[in-house]
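Undergrad: Protein chains in written order, with UniProt numbering: chain A, 1 to 308; chain B, 1 to 308; chain C, 1 to 308; chain D, 1 to 308.
Derived from the structure by calculation, the hints contain no laboratory data. None of these values were measured; they are calculated from a predicted model. Worth double-checking, as some hints may not be accurate.
[Stated by the list, open to error] Derived lysine-lysine pairs resembling DSBU-like cross-links, with alpha carbons at most 35 angstroms apart:
hint	chain 1	residue 1	chain 2	residue 2
1	A	K241	B	K241
2	A	K125	A	K153
3	C	K241	D	K125
4	B	K153	A	K153
5	B	K153	A	K125
6	B	K125	B	K153
7	D	K153	D	K125
8	A	K125	B	K241
9	C	K125	D	K153
10	B	K125	A	K241
11	C	K153	C	K125
12	D	K241	C	K241
13	C	K153	D	K153
14	C	K153	D	K125
15	B	K125	A	K153
16	D	K241	C	K125
[Unchecked claim] One side only, chain C facing chain D, incomplete, derived with CB under 10 angstroms:
hint	residue
17	K125
18	V137
19	V288
For each residue, glycine too, the CB sits at the ideal point set by N, CA and C.
Protein chains: 4
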Amino acid sequence: MRNLVGVPRIAYFGPSGTFTEMALDRFENLGAFDAPVERVVAASPPAALELLRNGEVDGAVVPIESSVEGSVPPTMDALSLGARLQIVAETELDIAFTVVTRPGVAPEDVATVGAYPVAAAQVRKWIADNLPAAEIVTASSNAGAAEDVASGKVDAGVATALAGQRLGLAVLADGVADFAGARTRFVLVTRPGPIPERTGCDRTSVILQLPNVPGSLVRAMTELATRGIDLTRIESRPTRKDYGTYFFHLDWVGHIDDPLVAEALKALHRFAQVRFLGSWAAVSEHGVPPVSDDDDAQWLERLRCGEE
Amino acid sequence: MRNLVGVPRIAYFGPSGTFTEMALDRFENLGAFDAPVERVVAASPPAALELLRNGEVDGAVVPIESSVEGSVPPTMDALSLGARLQIVAETELDIAFTVVTRPGVAPEDVATVGAYPVAAAQVRKWIADNLPAAEIVTASSNAGAAEDVASGKVDAGVATALAGQRLGLAVLADGVADFAGARTRFVLVTRPGPIPERTGCDRTSVILQLPNVPGSLVRAMTELATRGIDLTRIESRPTRKDYGTYFFHLDWVGHIDDPLVAEALKALHRFAQVRFLGSWAAVSEHGVPPVSDDDDAQWLERLRCGEE
Amino acid sequence: MRNLVGVPRIAYFGPSGTFTEMALDRFENLGAFDAPVERVVAASPPAALELLRNGEVDGAVVPIESSVEGSVPPTMDALSLGARLQIVAETELDIAFTVVTRPGVAPEDVATVGAYPVAAAQVRKWIADNLPAAEIVTASSNAGAAEDVASGKVDAGVATALAGQRLGLAVLADGVADFAGARTRFVLVTRPGPIPERTGCDRTSVILQLPNVPGSLVRAMTELATRGIDLTRIESRPTRKDYGTYFFHLDWVGHIDDPLVAEALKALHRFAQVRFLGSWAAVSEHGVPPVSDDDDAQWLERLRCGEE
Amino acid sequence: MRNLVGVPRIAYFGPSGTFTEMALDRFENLGAFDAPVERVVAASPPAALELLRNGEVDGAVVPIESSVEGSVPPTMDALSLGARLQIVAETELDIAFTVVTRPGVAPEDVATVGAYPVAAAQVRKWIADNLPAAEIVTASSNAGAAEDVASGKVDAGVATALAGQRLGLAVLADGVADFAGARTRFVLVTRPGPIPERTGCDRTSVILQLPNVPGSLVRAMTELATRGIDLTRIESRPTRKDYGTYFFHLDWVGHIDDPLVAEALKALHRFAQVRFLGSWAAVSEHGVPPVSDDDDAQWLERLRCGEE
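Bound-form chain A, shown alone (with noise of 0.2 angstroms):
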């Protein structure tokens, strides 16, 4: 994960202050790296794929999921189409907004407020009670929402702490949001390459193309359940081509080197179309494991041998 000169080159859904560079942070202090890593912006979680996939940067950090919205579409969208890239990492921030302004400005003096959508989605309520007569103004990103304050685009900005304080922005308000406990996860996204070792914590994920026959949903979530692998996320999204055609994006516990994990995935790719996004270890603690297949498999072992 670095570059010619030893710098692992990461790309970001930014500008600078984002959450997600607040997530970058996070994976840098966490030791993901094994060299200071140089920070690549992109415009959108997209942007920061395609960058990954053409070679010009080596990793990407993306929000992936919240808790409150679901899955990140952009992000969904870009890890199904193209080439295949490997989730590596993740990590979660407890999302909180800070509602910035230029110095000097009152509450009463807001009549715009930007936001980015998925931000808007989370602070309504409290906008409509704090300032109810601004308009509200969509942003490109919620470290957008605070340029566009410092611009004076708009009066007043859904922001991270972060991007108010790089910019000398006043706060209106923190901790803002709608939904108590709301969180985002990010990931850490390479090209294919080794995957992270298990840790008996680990997360693993797989986008789904079912034939279009009855019962293949059915078939899919039995391979799952008979083996007992806990799915912790499905989503469907359209394929866009036909109503009713989806890639199905799951979660589950457990990694690919777990030999009921092993089975699934195989069992899955004789009928689906299955696009591995990789194995990891989970920040926490998401569910039920896979149980271990060692005395089976020993038993069989012995079976053949003709000792048991």
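Based on the hints, put chains B, C and D in the right spot on chain A.
TA: Positioned in the frame of chain A, the structure of chains B, C and D alone reads:
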């Protein structure tokens, strides 16, 4: 579906000139109402449904699913929460956009293009190819994009043909769509009441909230699959409480008065929270209808009488 | 269940003194008949059922299942083929044998022991321990073994206490049984007619012939399992046509008038040949009855009326 | 499979002249042994298997399944209990009986016919049609019926051609069988040892004891069905402990060295008691072999290396 003076009041996602209003036209032409309709503009799909819940209108027309973008999240979420509402009819429109400008504006003069986000997602490539220098500015609806052009807020707008005509705008391009064959389904929603009669080509829609135990989703899918019920849509939406808890929006072929559909509804109700969104005539063939139960029911009756 | 002069004629697997006759006694004592019964001896369970099919009797009592030996194959096969018959009641007897001799015969004088094969299988160990020198000679029934003793054909017989008494034989040993707690279930069979009323503790029995396609058996089991129907017996019997084709004899908890049992019967009938053998009161608690459908059915009705 | 002086000792269900001995001939002709065999007569299938468990013989030949009567219960029960044994080969014989008498005995002189119960069940109609006055007397085996004729115990016997020839008996009728095409499968059993090599046309046999929880049988069937394993036999036998508890005897197409069979065995072992009876070459095509796992396994390996 009438108001006090005999005129049904129907809310729609406006302003005037949206695709949704065109869908309302279609419902009128198809005879969905037995009296002239009074149209009530709502600023968003949830707002239209809220007017209905409040009793301010008798029905609402909202977009529910795009063949390109999948379910329309604000509609889905507004149907999931609050008092139960009921879908009684559907129609589908081919979706292609009209890019409008003020008369006299040349393509090379377009620095900003207003677009509703759903529209922006469907014309992104066209804009990159044809108006590469233009910045996309978020509009509140497709008709709103035309209004933003008329008011001078933006130079061009991704709008409907109808909206452009009403405002006397010039047409820069017609039939604009990155994805050929894009369609959107619109539904007519009422408060709960008698269910439209079974036609033999019907759609049933429910929202499921499954108990948080392993195998719930397999169980739900199995209740449908064993009864030969053809699932035409499954979309998950986070419940906004925690990662991994979802509402599942399901559409299938058939009507609550099909015995196997009735069985399936009861079976789902046995272990899950089921919000029934209605059974109504599908606009086109869309899968395999449930088989008849007649032979089996008659056989059972003969057994009960000892005749077989 | 009466003959022309008001006396029901009931066939049973005889001769006089069999366990089956004891079961017929039990049915009489329990009030299964509303008039004194005329008993008609049949040489085998199939013969008893054939008398019933021919109209020569109004009912038949036959053994159907042993806790030690499983289903009684001649009974099962005779219920599978020919005109459909219907089970209307059951009773169970503890099975322990009485070894009888002619008066004055000592154990050491016993060179031959008559035994019906089902009985022989249940006393083999006792004979090996107590009459090690004796040869087992096949008898036509448990009572027939006593007759063979009386006629001098064998020295001792594995019989019922009743048969020994009636023939004035001596008792060499009583309560003989290799397997403690052995019981046999007997059923009262009639031609098809009204089904006994649901009691809440009922048994339903069917014979399935599944289509010869992969997954048929899983499908059948799933139709029962998804409805929470508690299967208490499953036995396969070859159809006698080719390897691998079977009749499946299934018993489960519940009554055809339990809505979920009715659903399951119809579901099985949809793809398999189903011979319904009846629903009747079980003699003892034997599993989990099907849940009520009331709540779900009422919910469905409210939906249909738009009340919920 | 050899004794101390280089001659394998093989027990069979005798006496001399049984179909089982004919099956042993067949195994010899097919080269199942690499040295001449010393034949050891056993009085019953369980007795033959007990000699094997005790180490008194190196192998045993027993009948296991009849196309008319289904599994041979004494064989099945003897394989279920006691130390595990292993089936290593099979052969099938067309079953038609030879009715023998002492020379000079005319059909009208036949008052008693000796028959092994399995045989009696397959010639009942022939006897009723051809020897209507004759009483059936139970013999200990098909060859034993011929011995009973020779010793004068009965007038005629339902035997094998071989047994009649060896005893110099006359043939009253040949090729006697109520059911056309009746066949019986015989197996060669050894103590556990290396498993015969996979041929691509194999049979695997197991005995399952399922936990007494609802859905166990569906789960077991599903583990096979999801892996496309073709079940060719399922027979239940009571465990002799209580009603409703069974051993399930399953045969399916494939070999323990087929990856999907290995998976299925491990999956069953995860929740049930599994007695593996062996994998061996089937004598004829008998269903759909498991699909290869190669593509899926290679895909998985490429994922693991980051090559795909």
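Undergrad: Give a verdict on every hint.
TA: Quick rundown of the hints versus the structure:
{"no.": "1", "hint": "A:K241 / B:K241", "in the structure": "holds, 32 angstroms"}
{"no.": "2", "hint": "A:K125 / A:K153", "in the structure": "holds, 23 angstroms"}
{"no.": "3", "hint": "C:K241 / D:K125", "in the structure": "holds, 16 angstroms"}
{"no.": "4", "hint": "B:K153 / A:K153", "in the structure": "holds, 13 angstroms"}
{"no.": "5", "hint": "B:K153 / A:K125", "in the structure": "holds, 27 angstroms"}
{"no.": "6", "hint": "B:K125 / B:K153", "in the structure": "holds, 23 angstroms"}
{"no.": "7", "hint": "D:K153 / D:K125", "in the structure": "holds, 23 angstroms"}
{"no.": "8", "hint": "A:K125 / B:K241", "in the structure": "holds, 16 angstroms"}
{"no.": "9", "hint": "C:K125 / D:K153", "in the structure": "holds, 27 angstroms"}
{"no.": "10", "hint": "B:K125 / A:K241", "in the structure": "holds, 16 angstroms"}
{"no.": "11", "hint": "C:K153 / C:K125", "in the structure": "holds, 23 angstroms"}
{"no.": "12", "hint": "D:K241 / C:K241", "in the structure": "holds, 32 angstroms"}
{"no.": "13", "hint": "C:K153 / D:K153", "in the structure": "holds, 13 angstroms"}
{"no.": "14", "hint": "C:K153 / D:K125", "in the structure": "holds, 27 angstroms"}
{"no.": "15", "hint": "B:K125 / A:K153", "in the structure": "holds, 27 angstroms"}
{"no.": "16", "hint": "D:K241 / C:K125", "in the structure": "holds, 16 angstroms"}
{"no.": "17", "hint": "K125", "in the structure": "violated, 12 angstroms"}
{"no.": "18", "hint": "V137", "in the structure": "holds, 8 angstroms"}
{"no.": "19", "hint": "V288", "in the structure": "holds, 7 angstroms"}
Checked against the numbered hints above, the structure violates only hint 17.
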